[in-house]
Amino acid sequence: MTAYLIRRLLYMVPIVIGVLLATFVLFKVVGGDISQQIAGKNADLETIAEVRHEYGFDKPLFAGLTPLAGDDWQAARQDYTAAIKNERQVRAESENRSVLPISAFDLDLKAQRKWLGDLFRQRLNAHQFGGALEMITLDSQFSDHFKHALTFNFGRALDREKISDKILLGVGPSLSLTIPMFIGTLVVSISMALLVAFLRGTVWDYTIVILCIIGLSIPYLSFIIFGQYFFAYKMDWFPIFYSPDKPMIHSIILPALIGIAAGLGGSLRFYRTVMLDEIRSDYVRTAFAKGLTTRKVLFKHVLKNAMIPIVTNVVLSIPFLVLGSLLLERFFGIPGIGYLMIEAINARDFFVLNALTFMMALLIAVFTLLTDICYAWVDPRVTFD
Amino acid sequence: MYSTTLLRPKRLWCWSWVLFFVAGALLSGCGKDSPSGSEAVVLNQRLRAKIQTLDPADVGDTNTDGVCKEFFDTLYQYHYLKRPYEIIPLAAAQMPEISADGLTWRIAVRKDVYFHDDPCFAGGKGRNLKAADFLYAWKRVADIRTRSKNWYIFDGKIVGLDDFRQYTKSCPPEQVDYARRVDGLTAPDDHTIEIKLVRPWPQLIFWLAHVPTAPIAHEAVERYGPDIIKHPVGTGAFMLKQWHRGVYVEAVRNPNYYPAFYPTDGMPEDADAGLLADAGKRLPLIDRIIWRIMEEDQPRWLLLMKGDIDLNSIPKDNFAQAVGFGKELTPQMKRLGMRLTTVDEPCTFWVEMNMQDPLICSNKPLRYAIAHAIDRMRFIDLLWNGRGYPAYGFIPPAMKEYDESVKDGSHCVYDVNMACQYLKEAETLYGGKLPRFRLAMGGTDFIYKQMGQFLQRNLRDIGLDVQLEMFDWPTFLEKMTTGDLQLFFNGWMADYPDVESFLQIFYSKNAPWPNHGYYNNPQFDAIYEEVSIMPDCPERVDLYRQAEKIVIEDMPCAFTYHRIGYIIYHDWLNNLKPDGYKSDTIGYGYSKYYRIDSQKRDAYRKQLKHQDE
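Sequences listed follow chains A and B, in order.
Per this note's numbering, the first sequence runs over residues 65 to 449.
Per this note's numbering, the second sequence runs over residues -3 to 609.
Keep in mind that the hints were calculated from the coordinates and are not lab data.
There may be inaccurate statements among the hints.
Below, simulated BS3-like cross-link-like pairs (lysine-lysine); rule was C-alpha separation at most 27 Å, straight line [what the hints assert, rightly or not]:
hint: 1; chain 1: A; residue 1: Lys310; chain 2: B; residue 2: Lys505
hint: 2; chain 1: A; residue 1: Lys310; chain 2: B; residue 2: Lys596
hint: 3; chain 1: A; residue 1: Lys105; chain 2: B; residue 2: Lys475
hint: 4; chain 1: A; residue 1: Lys310; chain 2: B; residue 2: Lys605
hint: 5; chain 1: A; residue 1: Lys298; chain 2: B; residue 2: Lys165
hint: 6; chain 1: B; residue 1: Lys165; chain 2: A; residue 2: Lys105
hint: 7; chain 1: B; residue 1: Lys445; chain 2: A; residue 2: Lys105
hint: 8; chain 1: A; residue 1: Lys226; chain 2: B; residue 2: Lys226
hint: 9; chain 1: B; residue 1: Lys226; chain 2: A; residue 2: Lys298
hint: 10; chain 1: B; residue 1: Lys605; chain 2: A; residue 2: Lys149
hint: 11; chain 1: B; residue 1: Lys596; chain 2: A; residue 2: Lys174
hint: 12; chain 1: A; residue 1: Lys105; chain 2: B; residue 2: Lys226
hint: 13; chain 1: A; residue 1: Lys92; chain 2: B; residue 2: Lys237
hint: 14; chain 1: A; residue 1: Lys123; chain 2: B; residue 2: Lys475
hint: 15; chain 1: A; residue 1: Lys174; chain 2: B; residue 2: Lys165
hint: 16; chain 1: B; residue 1: Lys505; chain 2: A; residue 2: Lys174
hint: 17; chain 1: A; residue 1: Lys298; chain 2: B; residue 2: Lys312
hint: 18; chain 1: B; residue 1: Lys505; chain 2: A; residue 2: Lys149
hint: 19; chain 1: B; residue 1: Lys302; chain 2: A; residue 2: Lys298
hint: 20; chain 1: B; residue 1: Lys165; chain 2: A; residue 2: Lys149
hint: 21; chain 1: A; residue 1: Lys226; chain 2: B; residue 2: Lys237
hint: 22; chain 1: B; residue 1: Lys237; chain 2: A; residue 2: Lys298
hint: 23; chain 1: A; residue 1: Lys123; chain 2: B; residue 2: Lys165
Please construct the entire structure, taking both the sequences and the accompanying hints into account.
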């Protein structure tokens, strides 16, 4: 088993690198420059440039060039700055528009990049490959991204709060909501699935299947709006929204129940199918023929043999518990990770999204490994070869 | 071989049920955040979005502004009751002494103002407010390392402050010397500020009532560093008790608040409205404020009905339930003891046209056609439940410079025939059928989609092919700034009661922000440059109206509507008089005037419970 574990852990290395690359491309390359957004709508160009510098957005994406000893930028600065200005003027004229404003900082940066590019090409043309190679630097946005993720130091969010603090604060409320929801859905749906599988073809089976389909057809939001209006406002059984004056338990019961009710249709149908597959097996008929009680057949034999799909479904769902429930948290004011994620999406806070995506990917990788280990526990036929 | 005893199905099943109950038991212990002082008089507020920061230098949105102003008193404030709006001293001892040339302002600071008690001060006791605290706060806004969103307020206006900003660029972070002299910002004594301006700036008085100019204690900034965003150590009537980001903010009365009193005079109608019942009483009149952050309309509305929040704007979907004909509450709401107040907001919304786009820039008839094509009344009725006025120009009716005759010369009047006529002219000028246009909306929620579809249909009705583009706000902002949009729905709310706030949007040197449409008219620019340094006088009003006419003639925007704010509140909340500039009534330093009748609130809740039973 140890060899198996080591092998699987090693497999995770390329997965993590792949996730880092994917999140980098998604948030840094496709997502674009968010400096203006960070600096605020009234920010001047200098402030935006300062933001760009502080967050490292002015660094090259993957790799860049750096001057060598003896390369004198100050001597070349004036010419290159003028060249950049000229280029911008020509481009604006060709596009029949006025020149877009640029900060002194950005102008300098562009000019310096152009100068470095020229130096690099000159060295290549002069066959000074060593010097050209020496100019290449890996101090880039990608290396920063890599470093932050591996050290779990995700920095500060757009609202300048530490991302690690935000995540730590959100995990508790999210789990408080999702764990009871998860266990509740699991317990109720498997119990009922066993029952309806046993009563297959009867009016109970049909009724429950129809109810499941109705449950599946109703949008999640409708469950929330109805539940909040009816049970919290009309019946006054639960609070409408999280209140700092009351312990959080009061605010979590109703969303958890709504979550269970909304999720029951899908789960119940899934587990019913799993149970039916088993209940039709020869060994079940044999067990009944041997005179075993229904309870023994169902719980000792059927449930045991249905464990593989159940374990897969259960263990792989666990990482998602951390993410909370986006809509429930938002409607009931539960300060969890789901809430945090919605806020980050709305604000295009790529720092928070990036951190959450990376953490999620890690959790999924770890829990996939756990699922495989669980297979061997629940089914002795599975080995770690 | 591994032991599977615990995982045998039957036992596993028992374990599942045990876990279910354990999780339930765990829940009972989680997150108890019970604020103290249950006997205190509490104002239950609501916010539509989370608070970004509690650092006044970095305030950049209305929610943050509204809450921050409760913690930070500025030099001046608006008179709570008087209309038109009147500036009166707050932390200042009196109105500023302004030199004849308008370039030097001398402001006396009250001597009895103290910062909130906080561990950053010796012994945890808030110290006396000094003139130097204001200078520090303003230099902090100028410091590039602070990355303040509010540098635009001071940019190019105070002698030496721009140089100070340049100096901070060369400083390593945390090493900026705030004692460095700025010629335009001095403190002749502990309680006097002297400001020297580059050119006259009459609007400065309004900015001195704006939270980014509020004083902040350097001790707090030094102690908390980047976490200053969580420590609003100001001199306001309320102090921060708890802040759970994205969930709630709780403030309590500042026991050391200077002797401030409820105004004894207001408008003639204020006495009848009961707004002078507390005249002369010591402020604040409440002990605690709790802002709960609720982004969704439903919980906000249900909490209002339940009596768990005291006031709210009216969500679109609940409007018919709340308001009947003639801007009156429905009988159901009246029975519940609700009250309604409306206020004209100094804002204008429009379809902006990018004047950098060669087709739009060179084709005035096209711009006129677009302006005539929009059915403003239907837009307001259908999408905003009638909560607005049609806009013919940019000056809103809420401002005293509004001219009712503006409609006569404006193309912003719905007239399909005129629109078609202008469109024909536009096509002749273009030399054929006009290409497809892009109309961008700065939001992706339902209401933006509905507005976009409405405008698209109006334009299609006259024969313009328009493609709708929906962007989230940051992308929209970026595209506006880079001039990537062609037609886009935009708007402006005046920062202060001076039309100059609107004029800046059309000043050519303000492109791309706030002049997103790259509008450029030298005649308009000349007027703007003249009026922006002119004190309030009848000539200035004439010039404002002239400037508006120039814009209407050029029509870089199809003005659409001016908004009316509706606030519904329970009758136990007294002294509510909304300010059009802050019509969402989430705070803005006005909470100190509110009085809550807690007994009435308790009775309402009891009655509601009784009805349920």
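Against the structure, the hints come out as follows:
1. A:Lys310 - B:Lys505: Roughly 54 Å between the alpha carbons, so the hint for Lys310 (chain A) and Lys505 (chain B) is violated.
2. A:Lys310 - B:Lys596: 22 Å, holds
3. A:Lys105 - B:Lys475: Between Lys105 (chain A) and Lys475 (chain B) the Cα gap is close to 12 Å, so the pair holds against 27 Å.
4. A:Lys310 - B:Lys605: Given that 27 Å is the threshold and the Cα spacing comes to 18 Å, the pair holds.
5. A:Lys298 - B:Lys165: 59 Å, violated
6. B:Lys165 - A:Lys105: Since the Cα atoms of Lys165 (chain B) and Lys105 (chain A) sit roughly 21 Å apart, the hinted pair holds (cutoff 27 Å).
7. B:Lys445 - A:Lys105: It holds: about 23 Å lies between the C-alpha atoms, which stays within 27 Å.
8. A:Lys226 - B:Lys226: 12 Å, holds
9. B:Lys226 - A:Lys298: 37 Å, violated
10. B:Lys605 - A:Lys149: At roughly 72 Å apart (the allowed maximum being 27 Å), Lys149 (chain A) and Lys605 (chain B) break the hint.
11. B:Lys596 - A:Lys174: Violated: Lys596 (chain B) and Lys174 (chain A) sit about 66 Å apart, past 27 Å.
12. A:Lys105 - B:Lys226: At roughly 22 Å apart (the allowed maximum being 27 Å), Lys226 (chain B) and Lys105 (chain A) satisfy the hint.
13. A:Lys92 - B:Lys237: Judged against 27 Å, a Cα distance of about 38 Å means the pair is violated.
14. A:Lys123 - B:Lys475: 23 Å, holds
15. A:Lys174 - B:Lys165: Between Lys174 (chain A) and Lys165 (chain B) the Cα gap is close to 19 Å, so the pair holds against 27 Å.
16. B:Lys505 - A:Lys174: 24 Å, holds
17. A:Lys298 - B:Lys312: Cα-Cα ~21 Å, so holds.
18. B:Lys505 - A:Lys149: 19 Å, holds
19. B:Lys302 - A:Lys298: 10 Å, holds
20. B:Lys165 - A:Lys149: Cα-Cα ~23 Å, so holds.
21. A:Lys226 - B:Lys237: 20 Å, holds
22. B:Lys237 - A:Lys298: Status violated; Cα separation ~32 Å.
23. A:Lys123 - B:Lys165: 19 Å, holds
Taken one by one, the earlier hints fail for this structure at numbers 1, 5, 9, 10, 11, 13 and 22, listed in ascending order.
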